[in-house]
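Undergrad: What follows is each chain in one-letter form.
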Amino acid sequence: MKKVITGMLLAMMAMTVLIFKPNVASADSPDVNKRGTWFRMNGMIVNWTQDGNTTPTFGWIMADAAEVNKSDTIQKWAIVHAIWSNLTIGPYNPHPLRQDDEVRHNDTRTGNFSYTFSFYTAKLITLSDLNLNKTQTKHDFYLTGYWNASEITETINITRTANMIQITIKWADNPIAINATGTLFADFWAAQGPGPGVMPIGPGVGKFELTIDGVGTLSGYAWKSFIWANELNICDFDERGKVDIHDLVKAAKHYGEVPGFDDYDPNLDVCGDGKIDIGDLTTIAANIQG
Amino acid sequence: MSRRRFEGFLIIIWLVLHIVSLFLPLSTFEFPSQTGYATVAVSPSSITGSVGQSFGVNVTVTNVTDSSGLYGWEFRLNWTVSILNVSNIVEGSFLKSGGGSTFFSNSFDNAKGHMIADCTLEGPVNGVTGGGILATITFHIIDAGQSTMNLYNATLVDANEIDIPCKVVGSYGNFTSSVVDICLIGGRMPLES
Chain A
0 MKKVITGMLL AMMAMTVLIF KPNVASADSP DVNKRGTWFR MNGMIVNWTQ DGNTTPTFGW
60 IMADAAEVNK SDTIQKWAIV HAIWSNLTIG PYNPHPLRQD DEVRHNDTRT GNFSYTFSFY
120 TAKLITLSDL NLNKTQTKHD FYLTGYWNAS EITETINITR TANMIQITIK WADNPIAINA
180 TGTLFADFWA AQGPGPGVMP IGPGVGKFEL TIDGVGTLSG YAWKSFIWAN ELNICDFDER
240 GKVDIHDLVK AAKHYGEVPG FDDYDPNLDV CGDGKIDIGD LTTIAANIQG
Chain B
0 MSRRRFEGFL IIIWLVLHIV SLFLPLSTFE FPSQTGYATV AVSPSSITGS VGQSFGVNVT
60 VTNVTDSSGL YGWEFRLNWT VSILNVSNIV EGSFLKSGGG STFFSNSFDN AKGHMIADCT
120 LEGPVNGVTG GGILATITFH IIDAGQSTMN LYNATLVDAN EIDIPCKVVG SYGNFTSSVV
180 DICLIGGRMP LES
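Protein chains in written order, with numbering that gives the first Met the number 0: chain A, 0 to 289; chain B, 0 to 192.
Hints were generated in silico from the structure; no laboratory data involved.
Here the structure is a predicted model, which is why all the values come from computation and not from measurement.
Any given hint could be a false lead.
[Unchecked claim] Examples of chain A residues lying across from chain B (beta carbon under 7 Å, computed):
(1) G240
(2) I244
(3) L247
(4) V248
(5) Y254
(6) G278
(7) L280
(8) A284
(9) G289
The C-beta atom is built at its ideal place from N, Cα and C for all residues, glycine as well.
Please take these sequences and the hints and turn them into a complete structure.
TA: Following this line, the structure appears as structure tokens:
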């Protein structure tokens with residue numbers, strides 16, 4: 000009888016363990032059978048060098064790229080765009096591309112007013128070469144291709160009424176480079192950077208340099224670098240491993256925003272034109288897998 | 000049965016009952032009461048028709064009580080490819096009911112019997128609460144038989160980009176062949192010679 004009771008108690012314990020075993024199976028697990036290397040980089044532009052003169056700059060660069068083996072054919076793609084401004088810091092534009100923050104929260108001006116400023120955009124149009132092999136290029140990330148760049152002059156009009164603030168935007172696009180050759184490379188520190196005062200420190204942080212003919216060289220910090228064996232989905236902003244309604248909602252909440260708005264997020268501007276608009280939502284929706 | 004064996008039998012019964020009782024709370028956790036949940040459903044829940052006809056079903060949502068309201072939704076639906084084809088999908092009125100503008104996208108594959116639809120409000124607006132039609136899907140009946148309109152992976156997202164829990168309810172259709180009425184009036188059927 001003791002053996003029976005002992006056996007039953009052990010069985011009971013085993014069942015109890017099974018009951019509280021977490022369910023780790025997930026339909027959202029990435030497809031590990033896909034072969035390739037996927038790369039994502041975000042960067043902050045801090046310098047702009049033109050004709051040997053370097054000026055402090057504020058802006059962002061975003062890059063997604065991949066080398067994928069499909070039926071023993073290596074396919075490479077990359078999406079890169081940058082947005083920057085050489086505005087200097089002043090009383091009403093301490094955050095040059097997010098001035099609306101000041102307008103909403105700190106600006107003491109009253110009545111209706113507007114402000115005009117310029118910024119620049121660059122976008123990779125055609126990829127010529129992508130290389131994620133450091134032994135070949137001496138860089139963690141290296142690509143060349145053809146780029147378009149524009150100077151955007153934007154005027155934001157603020158109309159205040161008793162109940163609301165109406166914001167209207169005027170937008171002028173002046174191309175400064177069309178199909179110009181350009182090179183982007185980035186390097187990341189495995190453990191930490193060179194130290195405070197030089198670059199941000201920490202794993203995965205590094206530096207990048209983008210040179211485009213007719214535009215000059217943009218450089219700065221690069222971070223959030225991933226080199227994945229699992230598929231990186233374009234427009235997967237929350238990095239859940241798939242593009243879905245959450246990504247669409249994230250961009251839609253910023254619909255209509257442009258540089259100058261405090262909430263403007265260049266990562267959501269997947270088309271790289273400086274606006275979060277219908278083109279971006281359509282691109283995201285097209286990447287939602289049925 | 001000796002008293003000793005009887006006592007052993009009782010202990011075993013007690014242990015079995017104890018183990019079974021361990022599963023009862025688990026059932027409660029896995030299948031919580033869903034009376035407070037939003038529901039995404041295909042309406043009507045059952046459909047009849049005949050080959051050659053078209054019919055529309057609504058995908059509806061009810062009981063959205065989330066404090067920041069519904070901001071975006073997504074659902075997938077499949078059906079039996081040999082019975083039905085989708086011919087059109089249009090956005091319903093619910094998400095627009097708060098006065099905001101929306102972005103709607105859909106795609107369907109009649110070869111696989113599968114569709115997906117997404118819709119989101121745009122800009123810094125509040126979500127909507129209550130219930131209404133998310134989308135209307137028009138099917139064409141191509142053969143007789145039965146087909147479920149199986150709704151799955153429905154996702155509701157509120158204005159804070161947080162999921163709103165929901166349950167989904169599909170639909171069922173029974174489709175018959177075209178009926179051709181033959182009526183003979185007067186005359187006589189020729190007789191076989």
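Undergrad: Against each hint, give a clear statement of whether it holds in the structure.
TA: For each hint, the structure was consulted:
Interface hint at A:G240: violated, since its Cβ lies 15 Å from the closest Cβ of chain B, which is beyond the 7 Å cut-off. Annotation: A:I244 was flagged as interfacial toward chain B, and the flag holds, the nearest CB pair being 4 Å apart, inside 7 Å. Using the Cβ-Cβ criterion of 7 Å, the hint placing A:L247 at the interface with chain B is satisfied: the shortest such distance is roughly 5 Å. Below 7 Å, beta-carbon pairs count as interface contacts, and A:V248 has one with chain B at about 4 Å; its hint therefore holds.
Annotation: A:Y254 was flagged as interfacial toward chain B, and the flag holds, the nearest CB pair being 4 Å apart, inside 7 Å. The interface hint given for A:G278 is broken, as the beta carbon of that residue sits about 11 Å from the closest beta carbon of chain B, more than 7 Å. This hint holds: A:L280 has a C-beta 5 Å from the nearest C-beta of chain B, less than the 7 Å allowed. For A:A284, the suggested interface contact is upheld, since its CB lies about 4 Å from the closest CB of chain B, less than 7 Å.
Taking 7 Å as the C-beta contact cut-off toward chain B, the hint placing A:G289 at the interface holds, the least distance being around 5 Å.
Checked against the numbered hints given earlier, this structure breaks hints 1 and 6; the rest are met.
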